[in-house]
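Position chain B relative to chain A; hints supplied.
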Amino acid sequence: MTPAARPERPPGAAIVLAALAGVFFVAPLVGLLWRVRWADLGREMYSQDVRQALALSLFSSLAATATSAALGIPLAWVLARARFPGQRLLRALTTLPMVLPPVVGGVALLAAFGPTGVVGQWLERWFGLTLPFTIAGVVMAQTFVAMPFLVITAEAAFRRSDRRLEEAARTLGASRSVVFRRVTLPLVSPSLVAGAVLCWARAIGEFGATVTFAGNFPGRTQTIPLKVYLLLETRPQAAIALSLVLLAVSLSVLVGMRSRWWTPA
Amino acid sequence: MDAGLTGEWAPEPPGLEAHVHVVKGTLDLDVSLSVGTDEVVALVGPNGAGKTTLLRALAGLEPLLAGRVVVAGQVLEDAAAGVRVAPEKRPIGVVFQDYLLFPHLSALENVAFGLRSRGRGRTAARQLAGGWIERMGLTARADARPDELSGGEAQRVALARALALEPRLLLLDEPLSALDRQARVEVRTQLRRQLAAFPGVRLLVSHDPVEAISLADRLVVLEEGRVVQSGTLTDISTRPRSRYVAELVGVNLFEGEGGGDHVVLDGGSRLVVAGAGHGRVFALVHPRAVSLHRRAPEGTPRNVWPATVEELDGAADGDGDRVRVRLAAAVPIVAEVTPSAASELALADGGEVWVSVKASAVSVYPV
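Chain order of the listed sequences is A and B. Quick note on our numbering: the first sequence kicks off at 1 and runs consecutively. Quick note on our numbering: the second sequence kicks off at 1 and runs consecutively.
Same shape as in the complex, but just chain A (with noise of 0.2 Å):
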């Protein structure tokens, strides 16, 4: 083994310090769990307004994936491959939303979108489309935030993948978009699945933005979040029921990226 891969004997005070680090990741969690009364779970699950909550947020999260796909794939194409004026701005501006908050995004959308704004005022005009407080608003809101998930992950594999199988394919007889259906996309498949999953878990807890665009109409823009933070007042049973429904979907996400993040690199 390398120096550095050795185990090595903590000193005492990294042991302290390390397990208070874990129990304030763990103790969230034990808590939850500890606070769900799993008789009452299925009925407050089955209420209407839950349902409703949940049906819009598989909805949108989805429809929010799709959209980052069918966008952000190519977009990581050009910013890996191409060479053009103005890139790495693109570059940082498409994944800016990763540390902007999320209240700011949403209120940045209004701005742009919002029936004042710069382009949503032509939208208005020319087409009577209203984006903001309805369920494109929340699609809008979640892609926003959730896309630049997506476009990294892919990028760096675009970035990875060998040029010259692209080069050998064009030699075979393969125009450029047979290469990149027959060749380049199944390469980096893995790797746009796995952007997509990380895209859509973070579109399905998505708040800042949301509330702000969309706003918070019962079946019409009040996806789980919102609706958690509402009955946590009214219903803490349902909230906490609610709550687990994305611890779910965050540990299934966790558990299907083991191989990727699970491994020290």
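What the hints contain is simulated information worked out from the structure, not anything from laboratory work. Quantities reported herein were computed from a predicted structural model and do not represent experimental measurements. Heads up, none of these hints are tricks.
Some chain A residues well away from chain B (every beta-carbon gap over 10 Å; in silico): (1) TYR46; (2) ALA80; (3) PHE84; (4) ARG125; (5) PRO218; (6) PRO236.
Quick partial rundown of chain A residues pointing at chain B, CB under 10 Å, derived from the structure: (7) ASP162; (8) LEU165; (9) GLU167; (10) GLY173; (11) ARG176; (12) ARG182; (13) VAL183; (14) PRO186; (15) SER189.
Quick reminder that beta carbons are idealized off the backbone N, C-alpha and C, glycines included.
Leaving out everything else, chain B in the frame of chain A:
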């Protein structure tokens, strides 16, 4: 073979006619090349000479700055006329270095890939590919993924993949370099047969002279983006025109100024020769014409000088019964002696010897 495939009877020059000018980084490649269908041509040259870039340019993977590529009468690229046929539309098959098989496809699917791209139906493509797999003796390995194939098997799949499209020009980039020594000998024999059976133009790239000589009828030597020499092995070994070629065929080559009965070498030394003419000349001395002595020799040899043994290369290559002796001296030279002569002379690295070369053993030709 497939004479009726194109259904064309019009006579057309069947070979490759190319003038390729490509500038890429520090490489300035400017080469004219003409290859017939009756010969296998190997591009040889040191690393960075532009061999691979030339193949890529022919395949359409590297745009021409200037020049023209014509294969079997079809203009594939003409920079002046703005003609540029896309790589996928060229009748050119490429076997890449490292083979570049598609890792997500089986051996059979790799071979079928091109057929599918060229519009064959799934079943027809698989059937045709199966035929190629069988011809290559790979039927048992048809479903294997590239990472499960041995080097030799991968080479055959790569060749089948290129041949399946029945190209008019077959390009092979270092076809044996990805193989270990054992597999190389085997694959070389097969490849020679397969190349002989291919009805189109055959052009391969190699940095290994043995490989090039064993597979090709004609060598084209590329150095720093230019063709320095072209011809059969006999042509270029009797009249090498550069240091690299001389090393390649294993002879001593000097350059200098002819002075009638001698040559003044560029280092300042004189070499007495039978007839040198005047002007810039090459002087070639075969290593076997270089004699070594323990003491300064007397008599007929006109060229005699002391030297130090720099390196002894024990008879591993070539005829196997010779020892190559690299000598450091005013005129550095390589000698080939029999092992018994080597032991009589008590040759060892760093030892002192006398070198002699008969004037009649130096062949001189103009630069």
